[in-house]
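Colleague: Here is what each chain is made of, one letter per residue.
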Amino acid sequence: MAKLEEYRSIVGGEIIDELYLLAQKLKGISIQNINSTSFGGGVAEILGRIVPLLQELGVDVWWDVIKGDENFFAITKRIHNSLHGANIILSRREKDYFLSVNRQNGARFSRWGDIVFIHDPQPVALVEEKARLKNKWIWRCHIDFSAPQPDTWLFLRRFIIHYDSSVFSAPAFARRLKIPQILISPSIDPLSEKNCPLEDSYIDSVLYQYGIDKKRPLITQVSRFDYLKDPLGVIKAYRLVKKYTDCQLVLAGGAAGDDPEGEKILAAVQEEARQDRDIFVLNLPPDSHREINALQRASTLILQKSLREGFGLTVTEALWKKKPVIASCVGGIPLQIAHKYSGILTYTIEGTAYWIKQLLHEPAYAQRLGRNGYAHIKNNFLITRHLQDYLLLFLSLSNTNDTVYL
Amino acid sequence: MEPFHFHTRVIQVELLGITASSVRELLAGIKRVPAASIYHHTHHYLEQHRYFSPEHPNDFSYWITTSLGIKSLGEEIASVDLVQFKDIESLRQRFVEILDNYLQRVKKPRMCLKGEEFRFLSSRIFILPTPFKANNLEEFLECLRKTTIHSIYFHTFEARLRLKKEDNDFSYWLRDNGWQALADKLSCLDPYTYTLEGLRNKIIDLVREEIKNNGQT
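From first to last, the protein sequence lines stand for chains A and B.
When the count follows our numbering, it moves up by one through the first sequence with no breaks and lands on 406 for the last residue.
When the count follows our numbering, it moves up by one through the second sequence with no breaks and lands on 1217 for the last residue.
If you're looking for bench data, these hints aren't it; they were derived computationally from the structure.
Predicted model only: the values in this text are computed from it and were never measured.
We treat Cβ as the ideally placed atom computed from N, Cα and C, and that holds for glycine.
Do not rely on the hints blindly, as some may be mistaken.
Covered by chain A, per the in silico footprint, the following chain B stretches (three or more residues, Cβ under 8 Å) [to be verified]:
1. 1012-1023
2. 1116-1127
If you only want the chain A side, here are some residues facing chain B, beta carbon under 7 Å, derived [claimed, not checked]:
3. 10
4. 11
5. 13
6. 16
7. 128
8. 129
9. 130
10. 131
11. 176
12. 179
13. 397
14. 398
In silico lysine-lysine, DSSO-like type, Cα no more than 27 Å apart, as pairs [as the list claims (entries may be wrong)]:
15. 95(A) to 77(A)
16. 178(A) to 1114(B)
17. 95(A) to 236(A)
18. 1133(B) to 1108(B)
19. 378(A) to 1212(B)
20. 340(A) to 1133(B)
21. 25(A) to 1071(B)
22. 1146(B) to 3(A)
23. 1212(B) to 340(A)
24. 215(A) to 243(A)
25. 1031(B) to 1133(B)
26. 1185(B) to 1146(B)
27. 378(A) to 77(A)
28. 178(A) to 1202(B)
29. 25(A) to 1114(B)
30. 136(A) to 27(A)
31. 136(A) to 67(A)
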């Protein structure tokens, strides 16, 4: 894993110096991260990078994962979908079970931080421990919160109001809350296996492994097999294009450890793609970062046709690789793509197909989009900016003024 | 002589949970949000400008123009001369006057599309020392070359309006140490009409000219 010093040449030395200065101000304060899975999905990936870098900065920080059975994760998946707007009402029994698993986990932890940093709704009710521990609590929402199902929101709100601060990924996710709501966009790590530069020979070997033709245009969507990522919609868009322009489609992803629906969606996608030898459905293990990197770099275009999205880190990754991206105008994607400047924003399957054709036919324009996107990501969505935001977040718990002299 | 110690600042953006779908709601929001929110919406473009935006409007004018489609009002808001204002409250009052005036003339204001609402944000600043200190004009020039644009931004924009010092930090230090003419030249700059790199270069030119003409630092 990359050391902090290695980022100097990418982001500039002064940025790294500032991080050390901020970290010094947190001396003597311990910080505990808690989420629901240690692998798969963007949250685990970000924590896996951020926690070691914070430790390298000298911050006393660690990462715990709650335990739950299949029933618990089926409930949390229903919570997740209803927060994304699906018409799901949790039963009293489901809410009680959710709460009881949180309480079991609360009793399980032997060490608590001075600051407890909870990620996403699954462990949200651990905040019941706050009254006893008398420490500071932050709730970090990584998902699209623009139109949550009201009943689910009211259920979660019961817990959220007891936190000292909350964090959202996009302005559209803000709620009416009395606690502070901080805007922190997620980030990618330019030195991780998923984003580091690769040898052409390795990229070629990955294409060869899956039987992908490197000489023909390649359209790729990388994401979990989840109906919210609309993989079937991607196939429809590809078919509209394929009538006129030769191309191949890769749908690459896997299932997160806390997502029991993934296999069903994967089966539906495989069935839909069965007759077409130019569609590659790649169900990859969660550690296939280098292969994903190679597939993105080998692609002519990248799609992210999500129906809902937290932030859309796959878009960030693709733009970092200077790829032209066509993505839905949902969640945090519009923060990354200015339409027709650093990528293309679409709303429908037909619109997506239209722009795929346009960009395949106008490669110079497509490249310009990719270059602009890269510059935007470099300045706003790399892990060093994320580290700075987290350090400020922790510091802000004890400094409530508008102007803070450090 | 007290050395000039260059500082920088990092910001934390806060979501206020207040939205607007029309000019009337924007006006109501502008009246009630904290001063730091007005500052944020009129200044954050300045730092993004060098990378992303072809111009640096304020958020209010950008939203009025692009989401409500009222170009004349957007232009009127964009044209508010920020450098004339010595505090945020009087700037807020100017926006209120313009929007009030518009609402008196237009009885059926437009609504934006769902999802395109104006979302009020605010920001908090954390001020940090940098390693750069200047004891004379030559060192000052060297520091200006080396420090980040965020530091330049802090000492010119943030000091004057957000920290209510009425002038930029550089001019105060120069004046205190006998470089009155140079201090006045810097005070007269309209920093809003430069990119931050452009502003850095302009200040460097003025300091270099002073050193060349007077030969003493």
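Colleague: All hints, please: hold or fail.
Modeller: Each hint, compared with the structure:
1. Counting residues of the region 1012-1023 of chain B whose C-beta sits closer than 8 Å to any C-beta of chain A gives 6, which meets the bar of three, so the coverage hint holds.
2. Check result for the region 1116-1127 of chain B against chain A: holds, 6 residues qualifying (beta carbon to beta carbon below 8 Å, three or more required).
3. Annotation: residue 10(A) was flagged as interfacial toward chain B, and the flag is violated, the nearest CB pair being 15 Å apart, outside 7 Å.
4. Taken as an interface hint, residue 11(A) does not check out: its beta carbon lies about 11 Å from the nearest beta carbon of chain B, beyond 7 Å.
5. Checking residue 13(A) against chain B: minimum C-beta separation of about 10 Å lies over 7 Å; hint violated.
6. For residue 16(A), the suggested interface contact is broken, since its CB lies about 12 Å from the closest CB of chain B, more than 7 Å.
7. A distance limit of 7 Å between C-beta atoms decides the matter here; for residue 128(A) the minimum to chain B is near 24 Å, and the interface restraint is violated.
8. The beta carbon of residue 129(A) comes no nearer than 26 Å to any beta carbon in chain B, farther than 7 Å, and the hint placing it at the interface is violated.
9. Contact between residue 130(A) and chain B, as hinted, is not supported at the beta carbon level, the nearest pair being about 22 Å apart and thus beyond 7 Å.
10. With 7 Å as the threshold, the beta carbon of residue 131(A) stays out of range of chain B, its nearest partner Cβ sitting at about 25 Å, so the hint is violated.
11. Restraint check, residue 176(A) versus chain B: the minimum CB separation of about 5 Å is within 7 Å; hint holds.
12. Because the beta carbon of residue 179(A) sits about 10 Å from the nearest beta carbon in chain B, more than 7 Å, this interface hint is broken.
13. About 11 Å separates the beta-carbon of residue 397(A) from the nearest beta-carbon of chain B, more than 7 Å, and the hint is not met.
14. Interface hint status for residue 398(A): violated, as the beta-carbon distance to the closest one in chain B is roughly 12 Å, over 7 Å.
15. A C-alpha spacing of about 13 Å is found between residue 95(A) and residue 77(A), which places the hinted pair at or below 27 Å, so the restraint holds.
16. A threshold of 27 Å between alpha carbons decides the hint, and for residue 178(A) with residue 1114(B) the separation of about 25 Å falls inside it, so the pair holds.
17. This hinted pair does not check out: residue 95(A) and residue 236(A) have alpha carbons roughly 38 Å apart, beyond 27 Å.
18. Between residue 1133(B) and residue 1108(B) the alpha-carbon distance is near 57 Å, which puts this suggested pair outside the 27 Å criterion.
19. The suggested pairing of residue 378(A) with residue 1212(B) is violated, with an alpha-carbon distance near 39 Å, which exceeds 27 Å.
20. For the proposed pair residue 340(A) and residue 1133(B), the alpha carbon gap of about 44 Å is over 27 Å, so the pair is violated.
21. The straight-line distance between the Cα atoms of residue 25(A) and residue 1071(B) is roughly 47 Å, outside the 27 Å bound, and the hint therefore fails.
22. For the hint pairing residue 1146(B) with residue 3(A), the CA-to-CA distance comes to about 25 Å; that is within 27 Å, so the pair holds.
23. Pair hint residue 1212(B) plus residue 340(A) does not hold up; C-alpha atoms about 47 Å apart against a cutoff of 27 Å.
24. With a CA separation close to 19 Å, the supplied pair residue 215(A) and residue 243(A) stays within the 27 Å bound.
25. Annotation: proposed proximity of residue 1031(B) to residue 1133(B) is violated, straight-line Cα distance about 40 Å (limit 27 Å).
26. About 22 Å separates the Cα atoms of residue 1185(B) and residue 1146(B), which keeps this hinted pair within 27 Å; it holds.
27. Restraint check: the Cα-Cα separation between residue 378(A) and residue 77(A) comes to about 33 Å, which exceeds 27 Å; the hinted pair is violated.
28. Proximity of residue 178(A) to residue 1202(B) is assessed by CA-CA distance (about 44 Å); at most 27 Å being required, the pair is judged violated.
29. Proposed proximity of residue 25(A) and residue 1114(B) is contradicted: the alpha carbons are some 42 Å apart, above 27 Å.
30. For the suggested pair residue 136(A) and residue 27(A), the alpha carbons sit about 16 Å apart, so the restraint of at most 27 Å is met.
31. Proximity of residue 136(A) to residue 67(A) is assessed by CA-CA distance (about 22 Å); at most 27 Å being required, the pair is judged to hold.
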